[in-house]
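Colleague: Chains as they are written, first to last, in my numbering: chain Z, 1 to 98; chain C, 1 to 115; chain A, 1 to 130.
Think of the hints as simulated: they come from the structure by calculation, not from any bench.
Using N, Cα and C, we set each Cβ at its ideal position, and we do this for glycine too.
A hint or two may mislead.
As the list claims (entries may be wrong) - Have a look at the derived ranges for each label pair, beta carbon to beta carbon:
# : chain 1 : residue 1 : chain 2 : residue 2 : range
1 : A       : A66       : Z       : D80       : 17 to 27 Å
2 : Z       : G70       : A       : D123      : 29 to 39 Å
3 : Z       : D86       : A       : E94       : 26 to 36 Å
4 : Z       : S71       : C       : R77       : 35 to 45 Å
5 : Z       : R51       : A       : L50       : 48 to 58 Å
6 : C       : R89       : A       : G31       : 19 to 29 Å
7 : Z       : A13       : C       : A20       : 39 to 49 Å
8 : A       : A93       : C       : A20       : 36 to 46 Å
Said to hold, decoys possible - Stretch by stretch, here's where chain A covers chain C in the computed footprint (C-beta under 8 Å, at least three residues):
#  : stretch
9  : 5–19
10 : 22–29
Stated by the list, open to error - Pulled from the structure, derived: some chain A residues nowhere near chain Z, Cβ distances all over 12 Å:
#  : residue
11 : I3
12 : R25
13 : N48
14 : A49
15 : V51
16 : E69
17 : D92
18 : Y96
19 : N102
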Amino acid sequence: MAALHLIASSPDAGAALQNCLGAAAPGDAILLIGNGVYRAATASFGRIAKRSVVTRWYALAVDVAQRGIGSELNTVVAIDDATFVDLVTSHQPIVSWS
Amino acid sequence: MQRRILFIVSHAPRRGALAAEFLDELLIAAAFEQKVSVLFVGDGAYQLVAGDDPAAGTARGYRALPTYDVEDVFVERAALKPRGLTAARFVVAARPVARSRVRRLIAAQHVVVPD
Amino acid sequence: MNISIAVHGDAADSESPSLALRFARAAVAKGHRIHRVFFYHAGVGLANALVVQPQGETDVAAQWAAFAEEHDIELAVCVAAALRRGVLSNDDAERYERSGPNVRSPFRIVGLGQWVDAVVESDRVVTFTA
Chain Z
1 MAALHLIASS PDAGAALQNC LGAAAPGDAI LLIGNGVYRA ATASFGRIAK RSVVTRWYAL
61 AVDVAQRGIG SELNTVVAID DATFVDLVTS HQPIVSWS
Chain C
1 MQRRILFIVS HAPRRGALAA EFLDELLIAA AFEQKVSVLF VGDGAYQLVA GDDPAAGTAR
61 GYRALPTYDV EDVFVERAAL KPRGLTAARF VVAARPVARS RVRRLIAAQH VVVPD
Chain A
1 MNISIAVHGD AADSESPSLA LRFARAAVAK GHRIHRVFFY HAGVGLANAL VVQPQGETDV
61 AAQWAAFAEE HDIELAVCVA AALRRGVLSN DDAERYERSG PNVRSPFRIV GLGQWVDAVV
121 ESDRVVTFTA
């Protein structure tokens, strides 16, 4: 079963995304939650995501909307909390990066 | 029932209770006969080397792993060179592994615990 | 599915408890069972009954308490982490001669073994980092 990676910290908080990409496999999914959604708004994110082996990128829509950055997002699919739950039940393990 | 639990260390040693509490979780899982593995990635590799006082720092805690029958201890090979680290400097017996091995290790787990 | 949740951050410094609560609500709404919510590291602060939340600010601890009571969900707080951070049960307040217990209901002080039990008994474990 593919793994689901969770990133909740913003770019200035540390190397969570980098560490995650060093460990993620091609079939895995990466979900940005909380301040993690800011990572998808950075100019370099599109390039980083394209260069990685991971093709399934998500962000929690509620967290994106709260931060007013929806129009800056690229590459990620915004999902609701119910879909977050579905991702958890359809992946194992769930790997949280901080 | 035995679960496969992987503990991932991705931070350099930090002040406070976090390191001790992380190690407590690891050791209790081992004591409860779960299949425990440990993986050091990124700055976490710094936890494998010791400063002037080998008794200080978090490395001391990880040296106890074999006594708890935790032998699957790995470090991401890609974390070493950029940090000027070599396995020769480790005071903890961690095996450098390639990315493909890291991916297989994670895929095999039931639960992963972040530090 | 049986899902367990670990909360590593406290409400004052981290979004971890509120993200975890949103996830828990969504999981219950989809018919899954929350086996245990385990508060560790700074997360034990949610159980501190002495915390006074400023008016007009969201009280995540109160929201967790209400949610747990409504759905009969166990809010487990690690004893060692709690002692370090000044959250004491009746027994511990007596044992360590502190002025009083301060565990908010329905949070319960438990041993770290309860986290291992959650791992063993659950289909999934999701950790919300600090």
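Colleague: Does A:E69 clear chain Z by more than 12 Å, comparing its Cβ with all Cβ atoms of that chain?
Modeller: holds (21 Å)
Colleague: Can the suggested window of 19 to 29 Å be confirmed for the beta-carbon pair C:R89 and A:G31?
Modeller: Violated: the Cβ-Cβ distance is about 52 Å, outside 19 to 29 Å.
Colleague: Per the coverage rule (Cβ-Cβ under 8 Å, at least three residues), is the stretch 22–29 of chain C covered by chain A?
Modeller: holds (count 4)
Colleague: Range hint 48 to 58 Å: satisfied by the CB atoms of Z:R51 and A:L50?
Modeller: holds (49 Å)
Colleague: Are A:A93 and C:A20 spaced within 36 to 46 Å by their CB atoms?
Modeller: violated (23 Å)
Colleague: Holds or violated: is the Cβ of A:A49 farther than 12 Å from all Cβ atoms of chain Z?
Modeller: Given that every Cβ of chain Z is farther than 12 Å from that of A:A49, nearest at about 26 Å, it holds.
Colleague: Does the stretch 5–19 of chain C contain three or more residues whose Cβ lies closer than 8 Å to a Cβ of chain A?
Modeller: Check passed, 3 qualifying residues.
Colleague: If we take the beta carbon of A:Y96, is the closest beta carbon in chain Z still more than 12 Å away?
Modeller: holds (31 Å)
Colleague: Is it correct that the beta-carbon of A:N48 has no partner in chain Z closer than or equal to 12 Å?
Modeller: Correct as stated: the minimum Cβ-Cβ distance to chain Z is 22 Å, above 12 Å.
Colleague: Please test the hint of 29 to 39 Å on the beta carbon pair from Z:G70 and A:D123.
Modeller: holds (33 Å)
Colleague: Could one say that the CB atoms of A:A66 and Z:D80 fall in the range 17 to 27 Å?
Modeller: For A:A66 and Z:D80 the Cβ distance comes to about 22 Å; the hint holds.
Colleague: Indicate whether the distance between the beta carbons of Z:S71 and C:R77 respects the range 35 to 45 Å.
Modeller: Given range 35 to 45 Å: holds, Cβ gap about 40 Å.
Violated hints, in rising order: 3, 6, 7, 8, 11, 12; the structure is consistent with all others.
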